[in-house]
Amino acid sequence: MQAPALRRDSVAWELARAILVLLAIVGTTVLLLFVGGYSVSSGLAALWRGSLGSWYAFTSATLVRAIPLMLTGVAVAIAFRAGVLNIGAEGQLLAGAAAGAAVALTLGGLPAAIVVVLALAASAVGGAGWASLAAFLRSRFAVLEVISTIMLNFVALYAVSYLVRGPLQEPTHVYPQSSTIGDAIHLPRIVSAGRLHSGLLLALGVSFVAGWVLRRTAAGFRLIAAGESPSAATSAGGIDVMATTTRTFLVSGALAGLAGGVEVLGVTFALYENISPGYGYTAIAVALLARLDPWRVAVTALLFGGLEAGAGAMQRDAGVPSTLVTVIEAALILAVVAAGALRRRSSFPASDTSPITA
Amino acid sequence: MTLPHSHDAPVALALRGIDKRYGNVQALSAATLEVRPGTVHALLGENGAGKSTLMRIAYGLERADAGAQFVWNDRVRVTSAAVAIAHGIGMVHQHFTLVPTMTVAENIALGGHGRLDLAAVARRVDELSTSTGFALNPNARVETLSVGAQQRVEIAKALVQAARILILDEPTAVLAPAESAELLRWVRAYADAGNAAVLITHKLREARSVADDVTVLRRGRTVLAARRDDVTPDTLTSAMIGEELNGTRAKSSAGDSRPRAASEAVFRADRLTLSDADGIVRVRDATFEINAGEIVGIAAVEGSGQRELLRALAGRLAPASGVLAHPSAVGFVPEDRHHDAVLLNRSLSENVALRGAGARRGMMDWDAVGAQTERLMLEYDVRAESAHVPIRTLSGGNQQKLVLARELELDSNSERALVVENPTRGLDVRATAEVHARLRSAALDGAAIVLYSSDIDEVLLLATRVFVVFERAVRELPLDRERIGQAMVGAA
Chain A
1 MQAPALRRDS VAWELARAIL VLLAIVGTTV LLLFVGGYSV SSGLAALWRG
51 SLGSWYAFTS ATLVRAIPLM LTGVAVAIAF RAGVLNIGAE GQLLAGAAAG
101 AAVALTLGGL PAAIVVVLAL AASAVGGAGW ASLAAFLRSR FAVLEVISTI
151 MLNFVALYAV SYLVRGPLQE PTHVYPQSST IGDAIHLPRI VSAGRLHSGL
201 LLALGVSFVA GWVLRRTAAG FRLIAAGESP SAATSAGGID VMATTTRTFL
251 VSGALAGLAG GVEVLGVTFA LYENISPGYG YTAIAVALLA RLDPWRVAVT
301 ALLFGGLEAG AGAMQRDAGV PSTLVTVIEA ALILAVVAAG ALRRRSSFPA
351 SDTSPITA
Chain B
1 MTLPHSHDAP VALALRGIDK RYGNVQALSA ATLEVRPGTV HALLGENGAG
51 KSTLMRIAYG LERADAGAQF VWNDRVRVTS AAVAIAHGIG MVHQHFTLVP
101 TMTVAENIAL GGHGRLDLAA VARRVDELST STGFALNPNA RVETLSVGAQ
151 QRVEIAKALV QAARILILDE PTAVLAPAES AELLRWVRAY ADAGNAAVLI
201 THKLREARSV ADDVTVLRRG RTVLAARRDD VTPDTLTSAM IGEELNGTRA
251 KSSAGDSRPR AASEAVFRAD RLTLSDADGI VRVRDATFEI NAGEIVGIAA
301 VEGSGQRELL RALAGRLAPA SGVLAHPSAV GFVPEDRHHD AVLLNRSLSE
351 NVALRGAGAR RGMMDWDAVG AQTERLMLEY DVRAESAHVP IRTLSGGNQQ
401 KLVLARELEL DSNSERALVV ENPTRGLDVR ATAEVHARLR SAALDGAAIV
451 LYSSDIDEVL LLATRVFVVF ERAVRELPLD RERIGQAMVG AA
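If you read the sequences in order, they're chains A and B. Taken in order, the first sequence gives residues 1 to 358; the numbers are from my numbering. Taken in order, the second sequence gives residues 1 to 492; the numbers are from my numbering.
Rather than coming from a laboratory, the hints here were simulated on the basis of the structure. Among the hints, a few may not be true.
Stated by the list, open to error - For the chain A half of the interface with chain B, some residues (derived, Cβ under 8 Å), not all of them:
| hint | residue |
| --- | --- |
| 1 | T217 |
| 2 | R222 |
| 3 | S229 |
Each residue gets a CB set at the ideal place from its N, CA and C atoms; glycine is no exception.
Given only the sequences and the hints, what does the whole structure look like? Please build it.
Structural data, given as structure tokens:
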């Protein structure tokens with residue numbers, strides 16, 4: 001039997017939604033290129049070339065960008081499912097990147113495999129630690145996590161900025177970045193030509209396990225119940241809602257932190273200020289488009305990875321500003337939210353309980 | 001002597017022939033209220049009798065379908081609260097309408113217009129403090145005030161707007177006894193100064209101690225309007241709860257399909273004291289036993305402590321002192337089903353799985369839960385497309401049947417115990433009858449059931465014993481509608 005969480009969405013709706021998403025992408029892109037005075041055909045061609053046009057583009061651009069989006073997307077999805085509005089994946093990613101880089105750089109002497117594992121573990125702990133600040137404020141003083149996490153994003157940004165100019169700066173003290181970690185500590189490449197690294201397997205594994213936990217385990221069910229209705233979870237389920245949400249918050253931070261560690265060990269090989277082009281924010285869109293289901297996050301992360309890769313190509317080849325893709329992403333979310341609202345109206349009485357799951 | 005109903009007599013506030021219908025429910029039919037100048041007028045009635053609706057019409061929050069309103073003998077059309085205020089009518093709601101983070105002066109200024117002069121408002125508050133004896137600090141933040149002080153701010157708000165007719169909706173429900181006495185003294189003085197006050201209440205003692213006149217509503221009709229001295233607690237009680245006493249009693253004892261009490265105690269309370277979330281004592285020194293096979297009905301007017309008593313019995317509230325022994329798992333059907341009992345967006349199966357989810361470890365066996373849900377649906381006649389549709393797609397009756405099934409059937413290992421709170425609120429006649437039948441058969445099977453209903457007839461219909469909760473005390477009464485009704489309002 002299929003887990004009940006998925007039952008209520010018919011295949012027809014899934015298909016309709018996918019078609020809608022693709023139409024929204026093409027439609028918005030064409031419209032924006034046209035309005036902006038760019039060549040529609042060369043813009044679309046560049047978008048295609050940069051994302052799916054070649055094996056190299058698909059693996060080294062689209063998939064490489066999809067990895068951090070998948071991890072942070074799952075982080076946001078599980079937090080939102082528990083009713084924890086963690087907007088802080090970006091800050092948690094940065095904290096994880098810093099922790100991972102620090103461990104990889106200081107433990108360089110140990111066997112490589114052990115360093116990789118320790119560095120990734122450190123990045124998860126770093127992300128969870130960063131999230132724990134907001135989680136503590138939330139459980140102890142009822143500080144809204146929406147506010148605290150978004151503020152902590154900026155703190156994390158400046159903290160990294162300090163680290164790469166201070167304690168973690170490379171020995172010549174010229175560039176605002178850390179030393180480069182040794183080749184042996186890089187995550188192994190998984191295609192012969194190009195940059196695709198084994199972080200993809202980790203991200204797919206995380207998304208699979210998270211989806212499985214939500215569907216199949218008592219802990220996952222408690223998380224969902226606590227997010228749907230804290231009062232019913234407490235009264236009818238005997239669930240300790242505060243403990244459940246706090247735990248979820250920390251796991252969410254750990255996954256976002258892991259994304260940072262994976263970026264350092266798989267892509268940048270050093271800690272930079274601008275190590276994330278806003279993955280933690282895009283992750284919110286990734287998670288919402290996936291309707292907060294970790295399995296669907298694997299798909300939507302690919303989609304957004306492709307869009308961001310294509311945006312780079314459009315900027316290079318057709319002179320189209322890459323911010324255009326941000327507009328496209330926003331249009332996507334709006335289209336999907338609107339579709340969800342229409343569907344609810346057609347089949348259920350008006351709902352005011354779960355606007356976030358669209 | 002009854003009140004003069006000649007329309008020439010002076011009135012401060014009069015409502016005549018008021019009709020109000022909500023959908024299929026006739027909330028008021030030809031309801032009438034005549035408030036004389038210089039008097040405190042008690043408006044009495046059971047829950048749902050229409051007291052609040054009538055007063056909301058007087059204050060312009062609802063529009064009557066028919067009828068006329070008079071203020072100081074003039075026919076008026078009160079189309080909004082603003083119009084009511086302009087006519088000198090003030091209302092203090094049961095649930096306060098204050099902004100907790102603002103100061104007393106700011107809250108009082110909220111009702112005003114034009115330029116905001118907080119200093120002037122503060123001076124006005126000081127004047128009011130002196131004239132009323134309320135001791136309000138204009139600069140205190142409302143959230144730091146006690147409930148009683150917040151209520152005085154509400155009254156001050158009305159007085160600042162020159163209210164000469166003050167409607168108070170259950171004003172003492174939230175107050176400690178000393179505060180209540182103080183408030184009622186003030187209301188008396190306010191009326192003596194030539195104003196008029198309407199006191200919505202269901203406490204007879206309070207009505208008789210402070211009011212000059214009383215009006216009793218029952219099922220939307222004015223059934224009694226009299227001077228205080230012309231009524232006895234008996235006449236008031238029977239006016240409130242109606243004369244169908246004998247019928248109900250005959251019906252409920254007929255045929256004796258009632259479960260018979262076995263002897264083993266399932267719940268045992270010894271000098272049990274309970275406090276609410278704010279630490280206010282709601283039940284004091286209650287001692288009782290509830291046995292397997294019994295349906296114990298709880299009768300109480302709103303806010304008498306029954307809410308806390310039910311939650312303690314259901315294991316959701318720890319005693320403040322004393323001893324309460326109850327089974328490890330007690331089924332609980334709370335009054336607010338959507339808020340406290342179900343996950344509206346989740347499937348029937350998931351809602352069944354919710355019970356005991358806090359203690360479950362490891363994997364969810366959704367196949368087993370699905371089969372269990374289908375069995376419960378069959379047994380309890382829950383009409384739904386399948387166990388996998390969201391529970392929000394079900395009617396209220398079917399939702400409630402599933403909740404009842406879940407709470408009754410999922411603890412096969414322990415003594416069966418169930419606490420239900422207004423289990424048929426909002427259900428149609430058929431679903432109500434089904435729920436009643438379920439409760440009876442569960443008790444026949446040996447479950448101990450505690451039932452609270454704000455409808456005393458429902459309590460009498462199902463209960464094998466009745467406990468009345470009034471002003472923190474729990475005591476058992478015989479199954480006598482009249483005596484129970486009087487005890488609920490403190491008249492016996």
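Query raised in the report: Hints broken by the structure, by number, lowest first?
Result: Of the numbered hints, all hold.
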